[in-house]
Amino acid sequence: MNYPANFNQETDELLSQTGTLLEKVIEAWTELQSKQPLVQCITNSVASNYAANVLLACGASPAMIDNPFEARTFAEICGALSINVGTPTSEQMQAMSIAAQTVTEKNTPWVLDPVGYGPFLQWRSEKVDELLSFNPTIIRGNASEISILAGNQVQSKGVDSTLESHEVYQQAESLLAYAECIAISGESDFILSRPLNGVIKINGGSFLQPKITATGCALGALIAAYSAVSPPTIATVAAHVHFAVAGKLAYKKAQSVGSFNVAFLDYLYEMNSELLIKNADIEFITDDRQ
Amino acid sequence: MNYPANFNQETDELLSQTGTLLEKVIEAWTELQSKQPLVQCITNSVASNYAANVLLACGASPAMIDNPFEARTFAEICGALSINVGTPTSEQMQAMSIAAQTVTEKNTPWVLDPVGYGPFLQWRSEKVDELLSFNPTIIRGNASEISILAGNQVQSKGVDSTLESHEVYQQAESLLAYAECIAISGESDFILSRPLNGVIKINGGSFLQPKITATGCALGALIAAYSAVSPPTIATVAAHVHFAVAGKLAYKKAQSVGSFNVAFLDYLYEMNSELLIKNADIEFITDDRQ
Amino acid sequence: MNYPANFNQETDELLSQTGTLLEKVIEAWTELQSKQPLVQCITNSVASNYAANVLLACGASPAMIDNPFEARTFAEICGALSINVGTPTSEQMQAMSIAAQTVTEKNTPWVLDPVGYGPFLQWRSEKVDELLSFNPTIIRGNASEISILAGNQVQSKGVDSTLESHEVYQQAESLLAYAECIAISGESDFILSRPLNGVIKINGGSFLQPKITATGCALGALIAAYSAVSPPTIATVAAHVHFAVAGKLAYKKAQSVGSFNVAFLDYLYEMNSELLIKNADIEFITDDRQ
Chain A
54 MNYPANFNQE TDELLSQTGT LLEKVIEAWT ELQSKQPLVQ CITNSVASNY AANVLLACGA
114 SPAMIDNPFE ARTFAEICGA LSINVGTPTS EQMQAMSIAA QTVTEKNTPW VLDPVGYGPF
174 LQWRSEKVDE LLSFNPTIIR GNASEISILA GNQVQSKGVD STLESHEVYQ QAESLLAYAE
234 CIAISGESDF ILSRPLNGVI KINGGSFLQP KITATGCALG ALIAAYSAVS PPTIATVAAH
294 VHFAVAGKLA YKKAQSVGSF NVAFLDYLYE MNSELLIKNA DIEFITDDRQ
Chain B
54 MNYPANFNQE TDELLSQTGT LLEKVIEAWT ELQSKQPLVQ CITNSVASNY AANVLLACGA
114 SPAMIDNPFE ARTFAEICGA LSINVGTPTS EQMQAMSIAA QTVTEKNTPW VLDPVGYGPF
174 LQWRSEKVDE LLSFNPTIIR GNASEISILA GNQVQSKGVD STLESHEVYQ QAESLLAYAE
234 CIAISGESDF ILSRPLNGVI KINGGSFLQP KITATGCALG ALIAAYSAVS PPTIATVAAH
294 VHFAVAGKLA YKKAQSVGSF NVAFLDYLYE MNSELLIKNA DIEFITDDRQ
Chain C
54 MNYPANFNQE TDELLSQTGT LLEKVIEAWT ELQSKQPLVQ CITNSVASNY AANVLLACGA
114 SPAMIDNPFE ARTFAEICGA LSINVGTPTS EQMQAMSIAA QTVTEKNTPW VLDPVGYGPF
174 LQWRSEKVDE LLSFNPTIIR GNASEISILA GNQVQSKGVD STLESHEVYQ QAESLLAYAE
234 CIAISGESDF ILSRPLNGVI KINGGSFLQP KITATGCALG ALIAAYSAVS PPTIATVAAH
294 VHFAVAGKLA YKKAQSVGSF NVAFLDYLYE MNSELLIKNA DIEFITDDRQ
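Chains as they are written, first to last, in this note's numbering: chain A, 54 to 343; chain B, 54 to 343; chain C, 54 to 343.
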């Protein structure tokens, strides 16, 4: 499968597909509000407070259970699991393996966020490789992380991306061997999915989002929350649209990082079907060369 | 002791008692501002930044000393200790026992917040059972946690409450065997105390408070701060009133989670005796069936 | 060297020196924006989110790599390292030694923030003593910490300062044996430097800054960021000026802790050469008794 570089090449059929997709996003959002699923997060020290606040604002119930002694019993009852390897400790690393194995046994959806994956951070990268064997439902990351995870040699340093998401989404296809859905966040977000013959592109958000730490990590937790109430692809799209719409609206209200972040949390909470319909920008990109 | 379901049944005597209580709350608040007590917090990764900011805003001096190697020497000099088992690590678990034992020896007040207590989170629950043997000055939690801690079988999952506080306060009485004061937070807060023949109910706050993560954890730290400068029952009431008044005022200013949280911190800091007098809503509920 | 108590005693030469200094601060700020250096932070649980947000707002790229298994490989590629001993874990303590040794070998600049240094917190104090042997490029702390580190007996408790910065800067000179630059934060900040025959005093900021937790810790991380793109003394001055100007402007906009913090982050991000020129308040204090 090869994807065209031209994102505007859309047929009526595709437009109707993205119309259906938006309906399903709204359905997922409605489900999230009514079911308030319990989401277990094993995440980094930078993201723990922020991810919990994002989940609460969006309608889910976060639980940051990240020790190996309670990981099994809690993973057995959670609605979804989010694993993020941002600032791992030895105990968290143990908890990750236990929780991933448990949700796999229970057929509970889970998200893997391979923060910092690459040659400079081997300990976590080996753990990510191990976790892949449990087949995460969804893998999400920035373009550098996903590109390296897909086997490419990228000169990535640190945890911020040095690549653009549109440069990477074709490479990411190989990761569908491990997970049902792959999400690459960036100026636009790209979502690959096994059932789809194409790629979903989500536009929106604000250039300020990557200037707020842990927005990506919180997005991973939100994907997990949505996956507790809807199928993986819909869940992934819904979380990205929820973020993109809130980010777009927040930027209209506030143009610097502190006040933008406040407005962003406000809009995550104030989200509704009307705002989603009016602001969601979902494209479906197919391969026109087949 | 049995408490009536009818909260409006108040006599002149009771009204005068709550009048006295408000005076004592203001006294406690004034003491907190002038003494700025040093509060040692062993808390979870979600709450550490937020609880420290809440303590600073309210007038106390936070110190998040949570390693077992410094827990003894620091617990010897702190004005009060707050222990919260939200996201424990093995080292924090050791620090909790050491610090609890030390403050007990020193007769320094301390607060226990049994976050997530229940059958799904055994490791922490066993630690909470152990910590009870050191007799915390005050135990605070949400309705589910307090109910399970009091020996009831509740289908609680995660760390958010599935019960209302008014359903639980009668059950909580058995916990007065361990602690001088029990506080149950919820839409209204209920405070039980050994010296009282009744229950204190605090109204106010906002339904948005549980949509901000770690507000309960921060409240536990604030109770500890107040207990460093006033008797346990007054301290517990004062912390809850401080929170309830700030929450009520914040909601008038901001109706979504991000901006509400900013306004909440603002009002915690801007608190004064006038705002307390004008907005505090304290009820005293006695047993009229004896 | 003795410093006069009279801070107003300035000659034309000194004024011209601080003029040059401001130019160099602006140069450093411009470099920070264009190079976005990768800053490794081993910091405390209270500061991790806040310090990362401060670095992003100011133009740097934070990476909170604090485990001993990745500390060496990451310290080899980072532009600067910031070590803060606020709430250490055993694994972080190992990471600190490894990272400090690595950056020393690589001649990469690094900052040491000895939070809570003193007799009540021995574990970290011994680690700080060990880290001093690796010769940090810059040491920064509040007046109590720096005073005790310089060998004085101060009745400090907790992590907040009980001394004023102007009481301490003369004592701090002995620490120039370990580091090229010493910074003492307070109502005014004082910076000592080996190449200087005097002390630089930075005015500005707001009394609300110490009411926000982790502002000092974030300042340490920002000094590290600046040191990745400019010489140690300029870096230290630039970070303090960046903070002081943003704090001063934020206080004009918001007078309580929650909204002040939002405005502070906004101004850290909105900083530019014009705001720096208009608001920077740098004094140069020489010894007029020699």
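None of these hints come from the bench; they were simulated from the model.
Quick caveat, the model's predicted, so the values are computed rather than measured.
Accuracy of the hints is not assured; some may be wrong.
Note that the list lumps identical chains together, so a pair holds whenever it fits in one copy or between two copies.
With a straight-line Cα cutoff of 30 Å, these simulated DSS-like cross-link-like pairs (lysine-lysine) come out [to be verified]:
(1) Lys301 - Lys159
(2) Lys264 - Lys159
(3) Lys180 - Lys77
(4) Lys159 - Lys180
(5) Lys180 - Lys305
(6) Lys159 - Lys306
(7) Lys180 - Lys301
(8) Lys180 - Lys306
(9) Lys301 - Lys77
(10) Lys77 - Lys331
(11) Lys77 - Lys88
(12) Lys305 - Lys159
Do the hints match the structure? See the list:
no.	hint	result
1	Lys301 - Lys159	neither (37 Å within a copy, 43 Å between copies)
2	Lys264 - Lys159	between (37 Å within a copy, 29 Å between copies)
3	Lys180 - Lys77	neither (34 Å within a copy, 44 Å between copies)
4	Lys159 - Lys180	both (21 Å within a copy, 28 Å between copies)
5	Lys180 - Lys305	neither (40 Å within a copy, 48 Å between copies)
6	Lys159 - Lys306	neither (43 Å within a copy, 45 Å between copies)
7	Lys180 - Lys301	neither (35 Å within a copy, 45 Å between copies)
8	Lys180 - Lys306	neither (41 Å within a copy, 46 Å between copies)
9	Lys301 - Lys77	within (21 Å within a copy, 37 Å between copies)
10	Lys77 - Lys331	within (15 Å within a copy, 48 Å between copies)
11	Lys77 - Lys88	within (16 Å within a copy, 43 Å between copies)
12	Lys305 - Lys159	neither (43 Å within a copy, 45 Å between copies)
The structure is inconsistent with the numbered hints 1, 3, 5, 6, 7, 8, 12, although it conforms to all the rest.
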